[in-house]
Amino acid sequence: MLKSNTRRLDNTLYPKKAVAEARMAYRDYCDFLIKKHGNDHVTLTISIKSNYSEHSRQIILEFWNYLLDTSCQVKIED
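Everything in the sequence shown is counted per our numbering, starting at -11 for the first residue and increasing by one.
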């Protein structure tokens, strides 16, 4: 069962505002660890909270979709 997932993100594609909004939207389901890599990249690790582990795969996939959608919205609004 997938309990965590890590991705390296380019902030020019995934703005910090979008990452923050996605984290807030999923804060009840996940814990997040962000490590900065230079000025334009971060590593984002999502860890599913234990009471949602049965649905971890679905939550992780939905988080990444939410982040992609939010990133597009932020780019359109800028």
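Please keep in mind that the hints were generated in silico from the structure rather than gathered at the bench.
Hints may contain errors.
Simulated crosslink set (BS3-like; lysine-lysine; CA at most 25 Å straight-line) [unchecked claim]:
id: 1; residue 1: 24; residue 2: 37
id: 2; residue 1: 4; residue 2: 24
id: 3; residue 1: 63; residue 2: 4
id: 4; residue 1: 37; residue 2: 63
id: 5; residue 1: 23; residue 2: 63
id: 6; residue 1: 37; residue 2: 5
id: 7; residue 1: 63; residue 2: 5
id: 8; residue 1: 4; residue 2: -9
Each pair of labels, with its calculated beta carbon distance range [what the hints assert, rightly or not]:
id: 9; residue 1: -5; residue 2: 64; range: 18 to 24 Å
id: 10; residue 1: 65; residue 2: 28; range: 18 to 24 Å
id: 11; residue 1: 31; residue 2: -11; range: 19 to 25 Å
id: 12; residue 1: 41; residue 2: 66; range: 34 to 40 Å
id: 13; residue 1: 24; residue 2: 46; range: 24 to 30 Å
id: 14; residue 1: -9; residue 2: 13; range: 17 to 23 Å
id: 15; residue 1: -4; residue 2: 40; range: 32 to 38 Å
id: 16; residue 1: 33; residue 2: 5; range: 16 to 22 Å
id: 17; residue 1: 16; residue 2: -6; range: 17 to 23 Å
id: 18; residue 1: 21; residue 2: 56; range: 16 to 22 Å
id: 19; residue 1: 62; residue 2: -11; range: 30 to 36 Å
id: 20; residue 1: 66; residue 2: -4; range: 21 to 27 Å
Treat the numbers as computed from the prediction; the structure is a model and nothing was measured.
All residues carry an ideal CB built from backbone N, CA and C; glycine is no exception.
Taking the hints in turn, this is what the structure says about them:
1. 24 x 37: Holds, at about 23 Å.
2. 4 x 24: It holds: about 11 Å lies between the C-alpha atoms, which stays within 25 Å.
3. 63 x 4: Holds, at about 11 Å.
4. 37 x 63: violated, 30 Å
5. 23 x 63: It holds: about 23 Å lies between the C-alpha atoms, which stays within 25 Å.
6. 37 x 5: Holds, at about 23 Å.
7. 63 x 5: The given pair, whose Cα atoms are some 10 Å apart, holds under the 25 Å limit.
8. 4 x -9: With Cα atoms ~24 Å apart, residue 4 and residue -9 stay inside 25 Å; holds.
9. -5 x 64: 18 to 24 Å: For residue 64 against residue -5, whose Cβ atoms are near 22 Å apart, the range 18 to 24 Å holds.
10. 65 x 28: 18 to 24 Å: The hint (18 to 24 Å, Cβ to Cβ) holds, given that residue 65 and residue 28 are roughly 20 Å apart.
11. 31 x -11: 19 to 25 Å: holds, 22 Å
12. 41 x 66: 34 to 40 Å: holds, 37 Å
13. 24 x 46: 24 to 30 Å: 29 Å Cβ-Cβ, so the 24 to 30 Å window holds.
14. -9 x 13: 17 to 23 Å: holds, 20 Å
15. -4 x 40: 32 to 38 Å: The hint (32 to 38 Å, Cβ to Cβ) is violated, given that residue -4 and residue 40 are roughly 24 Å apart.
16. 33 x 5: 16 to 22 Å: Given about 20 Å between the Cβ atoms, the range holds.
17. 16 x -6: 17 to 23 Å: holds, 20 Å
18. 21 x 56: 16 to 22 Å: holds, 20 Å
19. 62 x -11: 30 to 36 Å: holds, 32 Å
20. 66 x -4: 21 to 27 Å: About 23 Å separates the Cβ atoms of residue 66 and residue -4, which means 21 to 27 Å holds.
Consistency note: the structure conflicts with the earlier hints numbered 4, 15.
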